[in-house]
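2 protein chains.
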Amino acid sequence: MTRMIAPPHPFDAAIELAPAGDGNFTGHTTPDYANMVGPFGGITAATLVRAVQQHPECLGEPVSITVNYAGPIAEGPFSISAHPVRTNRTTQHWTLSLDQNGAVSTTATAVFGTRRETWAGTEAAAPIVPPAETVAPEQFPEFIAWARNYEMRFVEGGLPSPDAGEQPTSTTTLWTRDVPARPLDYPALTALSDVFYPRVVLRLGRLVPAGTVSLTVYFHADNDLLADQSDRPVLATARSHRFGLGFFDQSAQLWGHDGALLATSHQLVYFKG
Amino acid sequence: MTRMIAPPHPFDAAIELAPAGDGNFTGHTTPDYANMVGPFGGITAATLVRAVQQHPECLGEPVSITVNYAGPIAEGPFSISAHPVRTNRTTQHWTLSLDQNGAVSTTATAVFGTRRETWAGTEAAAPIVPPAETVAPEQFPEFIAWARNYEMRFVEGGLPSPDAGEQPTSTTTLWTRDVPARPLDYPALTALSDVFYPRVVLRLGRLVPAGTVSLTVYFHADNDLLADQSDRPVLATARSHRFGLGFFDQSAQLWGHDGALLATSHQLVYFKG
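Chain order of the listed sequences is S and G. Heads up, the first sequence is in my numbering, so the first residue is -5 and it goes up one at a time. Heads up, the second sequence is in my numbering, so the first residue is -5 and it goes up one at a time.
Okay, chain S solo, but in the shape it has when bound (with noise of 0.2 Å):
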């Protein structure tokens, strides 16, 4: 007899923690989330939010996170320590912290809590765009390895053309989600805050030397919602506020199928150019 066994999909074999006991995880870089310079910040966030997702004193679900890319991270294995600073009645706060050989490359703090019923409203407009369906999706160039495992329907501010020269804005709106199509859940959300192309790539029309420097989710999305937009492609749109001095900020907004916003995320960014 013969078992077939699907494989898992890359986004969860990416994100796989091993419990090493006491808070601590060991975890493995793969080559499919590979960014120019170690792994998409995205999926480091990520496998940080899974790992107190894991932890034994988990409660409830995340509210916020700021992941800090303090260094690189080299291809291999790596260790999270996550750890329960605080439990109240309604959040839980979190300190993380990835390392390779000794050294810390990535630090995070995070927030869970539980949700209940209070006065609602979203504020904030989605941008107004045509369904996903008839936007066709772009290719990134075959060395950015991480953007093979998102679709990218561009609605504006694609990645520019080599002769693009500079843009009067930094906004890109997309709709996108994972490849192959997998159900949202926070992880998979917390890459996907990360999914834009640097902003002054855009406003300067060329490739410069980017990296984020600290990224911050915070979660409006419970699990219903989520599930209620299972592998539905997101609308995703970002741009920043000021460039200047080696940094520039993003601001991003993440909106499901039937128009709720699922997160919205911050990220301050180091740039050369």
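No wet-lab data here; the hints were simulated from the structure. For glycine and all other residues, C-beta sits at the position ideal for the given N, C-alpha and C. Please note that the accuracy of each hint is not assured.
To be verified - Only part of the chain G face toward chain S is listed, based on derived beta-carbon distances under 8 Å:
#1 26
#2 103
#3 117
#4 197
#5 198
As the list claims (entries may be wrong) - Within a straight-line C-alpha distance of at most 20 Å, the following computed DMTMM-like cross-link-like pairs (lysine to aspartate or glutamate) qualify:
#6 S:266 / G:179
#7 G:266 / S:216
#8 S:266 / S:111
#9 G:266 / S:55
#10 S:266 / G:160
#11 S:266 / G:216
#12 G:266 / G:93
#13 G:266 / S:117
#14 S:266 / G:55
#15 G:266 / S:111
Go by the hints and put chain G onto chain S.
Structure of chain G alone, referenced to chain S:
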């Protein structure tokens, strides 16, 4: 002979820290910056920035900080530990913790860095407002002590009157600065980024319990720009994207007197209501 020594500005007294060796500092809450429960979140964030600045290994200027309000801070002494987990050529990554009686009250991560000339551009637009001196300052209720340390000239979204009722937007825009006026520096800019009363109070038109869970500040100003700003009013504007399930977000911009973007800031807030 009698020497007249001016007492320190209340802000400087509030963020004063005594080094206790090995990256540790001791401080003390001050009634001047008390909030309804514990100190004003902005003064706690400012004190954490100050701790890094006072650390003997500190390099460069603040680039970003994320502060997580894990538990209440009681009136009295506290200790801060600040550790540089990684120092690169242009960035230095810090982890911080504020403790009282062995319990963690606040965690933080910060990135300091060296700024250098690059391409620059401000894409966000400052709100169009009348000059600060033409807008009347408003007083907060007496029981909110910290607000007495800030001049607040609301252009829109001032504190709602008791019969205000629900409002259609959560935007507040005000000219603000320390009282007495004090030249702006990174700790003061950090505190100012939390100067907004809770957005949910504006939307609902009534006081409801609310407290910041996580605050992030991205510093765009360098020391020269702060020196140029000096003690002039800062144009501060904030709004929410989404309220629901016990949490809401807030995004803020702090603009200098001549239209330079000094900082952008984001926070996630717990609320009942």
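Here's how the hints hold up against the structure:
1. 26: violated, 26 Å
2. 103: Hint on residue 103 of chain G: holds, closest Cβ of chain S at ~5 Å, below 8 Å.
3. 117: Since chain S brings a Cβ to about 6 Å from residue 117 of chain G, closer than 8 Å, the hint holds.
4. 197: At about 7 Å, which falls below the 8 Å cut-off, the nearest Cβ of chain S leaves the hint on residue 197 of chain G intact, so it holds.
5. 198: holds, 7 Å
6. S:266 / G:179: Violated - the C-alpha atoms of residue 179 of chain G and residue 266 of chain S are around 26 Å apart, more than 20 Å.
7. G:266 / S:216: Given that 20 Å is the threshold and the Cα spacing comes to 17 Å, the pair holds.
8. S:266 / S:111: violated, 46 Å
9. G:266 / S:55: The given pair, whose Cα atoms are some 18 Å apart, holds under the 20 Å limit.
10. S:266 / G:160: violated, 46 Å
11. S:266 / G:216: holds, 17 Å
12. G:266 / G:93: Violated, at roughly 26 Å.
13. G:266 / S:117: Distance ~18 Å between residue 266 of chain G and residue 117 of chain S Cα, so the pair holds.
14. S:266 / G:55: Distance of about 18 Å is within 20 Å: holds.
15. G:266 / S:111: holds, 9 Å
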